[in-house]
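Colleague: If you number the sequence shown the way our numbering does, the last residue is 408 and the count never jumps.
Calculated directly from the structure, the hints in this document are not laboratory data. It is possible that some hints are incorrect.
Straight-line Cα separation of at most 30 angstroms, DSS-like style, residue types lysine-lysine; simulated pairs [what the hints assert, rightly or not]:
| hint | residue 1 | residue 2 |
| --- | --- | --- |
| 1 | Lys-197 | Lys-72 |
| 2 | Lys-268 | Lys-72 |
| 3 | Lys-180 | Lys-72 |
| 4 | Lys-368 | Lys-40 |
| 5 | Lys-388 | Lys-268 |
| 6 | Lys-40 | Lys-268 |
| 7 | Lys-180 | Lys-296 |
| 8 | Lys-388 | Lys-197 |
Simulated DEER-style distance windows between Cβ atoms [what the hints assert, rightly or not]:
| hint | residue 1 | residue 2 | range |
| --- | --- | --- | --- |
| 9 | Lys-40 | Gly-240 | 17 to 27 angstroms |
| 10 | Glu-295 | Thr-35 | 47 to 57 angstroms |
| 11 | Lys-180 | Glu-128 | 11 to 21 angstroms |
| 12 | Thr-35 | Pro-354 | 13 to 23 angstroms |
| 13 | Asp-243 | Glu-128 | 16 to 26 angstroms |
| 14 | Phe-77 | Pro-297 | 41 to 51 angstroms |
| 15 | Phe-100 | Leu-146 | 20 to 30 angstroms |
| 16 | Lys-180 | Arg-386 | 18 to 28 angstroms |
| 17 | Leu-150 | Glu-295 | 25 to 35 angstroms |
| 18 | Ile-133 | Leu-204 | 23 to 33 angstroms |
Glycine residues also receive a C-beta, built at the ideal position from the N, C-alpha and C atoms.
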Amino acid sequence: MAPRPRLFGALLFYLNFWVILDHLVMIPLAMAISTDIGLKPEHTGYLISSYPVTAALSAFLSAPFSDRLGRKRLLLFALTGFAFASLGCALSSNPTQIFFFRLLSGVFGGPILPNSFAYVGDAFSGKERGHLIANLALSFSAASILGVPLGAWMSQALGWQSVFYAAALMTLLGVFGLFKGPSFAPEARGKLTRQYKELAGLWLRPEARAAFFVMFMMMIGLFGFVPNISVWLSHNYGYGVTDIAHCYMIGGIGAILGNRLAGRFLTKGWSIGLISGGSLMMALFLGLACFELFEKPPIEIFFGGIMLGGSMRIPAHQTILADLVPVALRGRLMSMNMIVGQMAMGLGGFWSSPLVRIEADHMYGMPKIGAVAIITLLCVPFLAARLKHFVLASTSGGPLPATPNHKV
């Protein structure tokens, strides 16, 4: 019996909302957590970045098991583990414990979103599939606009631990609902080692490498800035948890507007232009924020501009990926691209945290972080120009099989 699209889509949206919230809410809560458990504020970047690093590794290692075990079974396993990892975060009382459970959260959280997309693809086709995937993709924006402010309010009213208790409980409730979801026969294909080689072998294809390098450079600089937001705004501008959450809410609104703009321009074939233009917009607003040019900067506006530019790029990049390789490689290309993005997000905190120092209750180092981030973003248009070569090859009947009409 086929699942009802609205109910099925709402359940997956709900589950991914809590998984994404669990990650994003660490940013405004970082100062409160570091104060409570004795973690140095300048080390909170490592804490925030630990999740996406293990999520990337987990997404890679679990990819073949999605076909072997089935989407539903893997999701049930990953979501249950994620709930108990969130519970462990809530119970942590020292830096070692919370680092361990954040790493564990990434291990279980990494496979959830890609397998949710794949689960929708198994259950539906045509317009229903496209509609549900688009709605599921909005779970990130919803977590930014609604989830992060909610988490900040809970933290101030009930303590930061309450956010992770809630994430664990709500995830487990969703798991019970998922038990009633449809099951599809696993599609095991060959040996595990062969499947890993096929996934890693994408790096041997020049068009795939070009796409991966664009994704990496889009993320690595930005996510050097993101893990240090809480400490920077708290020390230098006196922002509290709810103030930082409000910035994220404005950023989420900017993300939705950027997504809408991208959809409009993608119909005109401006994929490469959206990637380049969005990166330049992000570089501008990151510079305005990080170089501390204003005594009382409009941080919320800067956040909105950063997220507006960023959200214009992702749909464009995904559109290019869908047409860049043969259909048989498309799923693996999408998975590897997500892994590359998550790894870049995680490494951002590791390169930026050594640049941070706190003296006399003031954080130093954000202008340096901003400069590095801007340089990486300015590299994106040049890498996108190389990617354009492969896009044009696909449109002119060259070695690539798809035929979209992409423009600069």
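Colleague: Which of the numbered hints are not met once you compare them with the structure shown?
Modeller: 2, 6, 7, 10, 13 and 16
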